[in-house]
Amino acid sequence: MKPSIRNWSMDKLKTALPVLERLNDAGHEAYIVGGAVRNYLLDLTLNDIDITTSALPDEVEALFERTVPIGKEHGTIMVIMDETFEVTTFRVDGDYIDHRRPDHVIFVKNLKEDLIRRDFTINAMALDESMHVVDYVGGREDINRRLIRAVGVADDRFAEDALRMIRAARFQSVLDFQIEDVTYEAMKNNASLIQHVAIERIITEFTKLLQGLNPAAGIQSLATCGLMRHIPLFRTCSSLFQPERPVSLEVYIAYHLFTAACDDHEIKSLKLSNDSIKTIKNAVTIMKILSHQPDSDTLKMLVFKYPLSLIESCRAVVGSDSDVTAIYQSLPIYNRQSLVVDGHALISHLDVKPGPWLKYALADIEQAVVTGRLHNDRDTILEWVEQHVEI
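Everything in the sequence shown is counted per UniProt numbering, starting at 1 for the first residue and increasing by one.
Worth flagging that the hints you see were computed from the coordinates, not collected in a lab.
Source: prediction; values computed, not measured.
For glycine and all other residues, C-beta sits at the position ideal for the given N, C-alpha and C.
Treat the hints loosely; a few may be bogus.
List of simulated lysine-lysine pairs, BS3-like, C-alpha gap at most 30 Å [claimed, not checked]: (1) K268 to K353; (2) K109 to K14; (3) K12 to K305; (4) K288 to K188; (5) K305 to K271; (6) K109 to K72; (7) K271 to K281; (8) K14 to K72; (9) K188 to K112; (10) K72 to K112; (11) K288 to K271; (12) K208 to K281; (13) K305 to K288; (14) K208 to K109; (15) K359 to K288; (16) K188 to K109; (17) K281 to K305; (18) K288 to K268; (19) K112 to K208; (20) K288 to K72; (21) K188 to K268; (22) K281 to K268.
Label pairs and their in silico Cβ distance ranges [unchecked claim]: (23) D93 to T45: 28 to 34 Å; (24) L240 to P69: 38 to 44 Å; (25) G319 to V92: 48 to 54 Å.
Whole structure, please, built from the sequences with the hints as guidance.
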């Protein structure tokens with residue numbers, strides 16, 4: 001019988017028990033906290049397990065043999081046992097700088113103070129050593145009601161860190177929850193504050209939103225509350241694509257460029273990697289081809305040149321009914337290295353010097369083989385070259 005996610009999650013949580021036990025035995029309080037608790041209650045897969053404790057960073061380091069001070073000034077020590085855990089001292093935040101992050105933290109001895117400073121009720125619960133849920137803010141009830149609610153005064157939470165507004169929409173998409181009305185009104189009130197947040201942080205959250213169960217709902221929330229009007233590229237869009245299924249950031253951006261819904265000059269403002277920009281350009285090209293009812297040869301060259309997963313994503317977005325997977329599986333070769341001849345073979349057979357002709361000759365051979373006009377056979381190709389290649 002296949003084990004449930006809940007059983008697997010419990011096993012995952014139990015890997016943190018030795019850390020909790022050692023801290024508790026030393027006279028400190030310690031709890032599993034945050035997303036691990038939320039996902040456990042939702043019967044979802046657990047990723048990292050974070051621990052919060054009354055122990056100060058120096059005390060944590062003294063209790064464990066292997067530690068890394070990854071954020072000691074903010075109270076966080078990485079503890080390495082069979083797995084790694086981020087252990088953070090109970091804390092409250094100092095004054096926030098430019099609606100992004102606190103200028104300092106204050107260590108406290110009270111778990112409740114630590115939990116009520118967090119962003120949303122569903123992320124502000126803790127588990128003790130006996131797996132008892134500690135919930136001061138109604139997070140468990142909000143999980144049952146499938147609501148995303150800010151902890152305390154929503155306007156204050158978003159004024160502290162404006163990225164939390166994007167995170168609200170991200171959780172709406174990933175969990176398929178609804179944003180609670182007062183929290184949503186606060187997003188409207190504070191939408192312009194997102195301009196203070198580094199675009200890299202925004203893109204990280206937005207990428208996760210697009211990969212959620214209901215990306216359309218998350219994007220609609222960001223659009224209707226006015227947040228998208230303050231994000232580079234999307235602020236220029238005449239309309240926003242609301243995908244019904246998960247989609248990559250690159251394909252999402254490409255669709256807006258393909259439909260000319262936004263200004264492509266704004267892409268630089270997103271500070272994407274060169275690989276992402278290349279993928280976006282490729283996706284735009286793919287969408288243009290798929291949208292014009294391509295013939296068989298064009299589709300064969302398309303699936304030969306570009307990653308099948310990217311083509312499938314673009315096909316889903318533009319609504320093409322081309323069976324690109326079947327076409328890909330029918331290809332005689334999948335890359336140029338599979339050709340039975342290379343540049344050296346052509347030079348030797350034709351007894352000529354290399355030059356610009358070689359690049360074009362190989363491309364012509366490749367296309368002829370992929371489209372089925374030429375068999376991938378050495379003698380056949382060399383004979384074809386004699387008749388078709390101009391030097």
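Consistency of the hints with the structure:
no., hint, verdict
1, K268 to K353, "violated (43 Å)"
2, K109 to K14, "holds (24 Å)"
3, K12 to K305, "violated (42 Å)"
4, K288 to K188, "violated (36 Å)"
5, K305 to K271, "holds (26 Å)"
6, K109 to K72, "holds (17 Å)"
7, K271 to K281, "holds (15 Å)"
8, K14 to K72, "holds (25 Å)"
9, K188 to K112, "holds (29 Å)"
10, K72 to K112, "holds (21 Å)"
11, K288 to K271, "holds (25 Å)"
12, K208 to K281, "holds (21 Å)"
13, K305 to K288, "holds (15 Å)"
14, K208 to K109, "violated (34 Å)"
15, K359 to K288, "holds (26 Å)"
16, K188 to K109, "violated (35 Å)"
17, K281 to K305, "holds (13 Å)"
18, K288 to K268, "holds (22 Å)"
19, K112 to K208, "holds (29 Å)"
20, K288 to K72, "violated (51 Å)"
21, K188 to K268, "holds (27 Å)"
22, K281 to K268, "holds (13 Å)"
23, D93 to T45: 28 to 34 Å, "holds (29 Å)"
24, L240 to P69: 38 to 44 Å, "holds (43 Å)"
25, G319 to V92: 48 to 54 Å, "holds (51 Å)"
Checked against the numbered hints listed earlier, the structure breaks hints 1, 3, 4, 14, 16, 20; every other hint is satisfied.
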